[in-house]
Structures are given as C-alpha cells and as structure tokens.
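Colleague: Sequence:
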Amino acid sequence: MSLPDRSMPNDREDSVNAAWPSPHGAWFPRIWQVIVAAALFVAMFLNVLWDGPFRGLDQWLADAVQSWGIRELTPTGIEENEPWNTIGFLLSQTGGRWTNVTWILVLCVMAWVTDRTLVPLLRVGVAVFIMWAAVYPFKEWMDRSFPMDPAGDYFGAVGGLGGAYPSGHQTNSILLGSVGAWIAVQYIRQRWLRHLVCWYAVLAPIISAVAVIGMNYHWLTDVLGGAGMAVVLLWLLRAASATSAGQHLEARLTFSENQPPPGDRAANER
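Sequential numbering from -11 applies to the sequence shown in this note's numbering.
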C-alpha cells in the first residue's frame, strides 16, 4: 500500500506557524509576544525577589484556596481530602514533564513509522533540556516556599521545600504542549489526532494553572512567571529550527526518500 501524498497541507486551517495557540495549528510566537512574555517573567521575578505588590494577591488567593479544604495545613502537617485531592493531582499532570513526554514519544514513534524521521525526537529532547536548564537554576537559587510549606512565606521554606518559582508545571504545559502540536501538524496524518493534540496544547496550560493554584501547589506569580518563560523558550526552539542550520540538521535526521518539504506537512486524512 502506497503512502498518501504529504506534499500538500490538508487544509488551510492546520498551520505550522499559527500566530496564537489554536486547535488547528502549532503556535510559533511572534516577536511582540516574546517581548511581552519576557517582560512578564522579569516583572514576576522582581516581584518575588523584592517582595513586590503581587505578594498580597498571592497570599489572599492562597488563603482563599486553603479555605476550600482540598488540602489543609494543620499543626500535624498537610491534610489531603479525597477525592478532590486526587482529581486535582491528575489535572495538574497536564503540566507534568514526564506525562507530556510520554504522549509526545508516541507521536515520535508514529513519525518514525511513516516518515523514518528522528526530528520529533530531537525537538522533544531539546525542549526538555532547555526547560530544565532555564527553570531549575531559578528554583535552586531563589529557594521560594510553596503556599502550604510550614514556613508559610515566600522564602526560607523548611526541610528543603523551596523551589516554587517559576512553576515548572506551567512551563511544561505550554512548551511541551506546543512542541507536541508542532510535531502533530507536521507529521501526523490522522486529522482527528492532529486536532486532539492541538486542542490539548490550547487547554493544558489553563487546566494546569487552575489545578496547581487550586491545590495550593503554587502561588499565582509562580504560574505567570512559568508562562512567560515557556513562551520565550518555545520561540527560541522554533526560531532555531527555522534557521538554515536547523533545517539542514532536520534533513539529516530524516531517512525517508519521500521526505516532505519544510512547512505545513499535514496530509489528507486517510
């Protein structure tokens, strides 16, 4: 059975360079969006570092969430009430690193089967690395407490519980979700699966943010800072891929004789 023609995009909707997160395309942030995201990250960073005006909002929201009783800070520790705690944890996994890597690896296998390409594997590998390299130095250096740490403050969490800023969950949900959509639009032939992945990339950051704030895993400013960092990292990854060196490397990692051209490579639905 011959492979379907992948030289033409399946329709005008499935764009590999969408200007916004879209259920019909992969987001390639525009420069102005990157500037706004970088400014957001810096603003949240300085707010945390200098005890800025958002601290009051952070504390008010954390206190309100704790009053819901999903997770309560008691004299003997944190008490978790079921089933809401489990539901919140599962929803927060939309920002889990290995949760996202697992389903993206399935897309990588599908791309290998149909196109004999290692490009998706390279993309997700680089995404995980740059996320780790960018986020964790801030976590380690700032040692910011989580809302329900016994220390109950921005800094000085006891027992090595620091590392709240920025939110790795939020960075993962945006960066890895968008990378998954990028891979899906270019290499996955089933239209329903492409759209499912693209919808996930749109909704995962929202679900992750609500979950980690609703469980008091993170302060609001952690989530905003993580979102800002994710957009910058996504742009760096997409921009590097678009360079001549990036295109050459991706061509070297594709072993199919019928290699699709750069750009929109989504095929007609079988």
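FYI, nobody ran anything at the bench for these hints, they're computed from the structure.
We put the beta carbon where it would ideally sit given N, CA and C, even for glycine.
Careful, some of the hints might be misleading.
[Unchecked claim] Cβ-Cβ distance ranges computed for the label pairs, FRET-style:
1. 67 to 44: 43 to 53 Å
2. 235 to 52: 48 to 58 Å
3. 94 to 34: 19 to 29 Å
4. 55 to 241: 18 to 28 Å
5. 47 to 121: 25 to 35 Å
6. 181 to 236: 22 to 32 Å
7. 31 to 104: 44 to 54 Å
8. 44 to 129: 19 to 29 Å
9. 45 to 101: 20 to 30 Å
10. 104 to 68: 31 to 41 Å
11. 44 to 101: 51 to 61 Å
12. 121 to 19: 18 to 28 Å
13. 8 to 91: 17 to 27 Å
[What the hints assert, rightly or not] Result set (SDA-like, lysine to any residue): computed pairs, CA atoms no more than 25 Å apart in a straight line:
14. 127 to 7
15. 127 to 42
16. 127 to 224
Colleague: Can you name, in rising order, the numbers of the hints this structure does not satisfy?
Modeller: Numbers 1, 3, 4, 9, 10, 14, in rising order.
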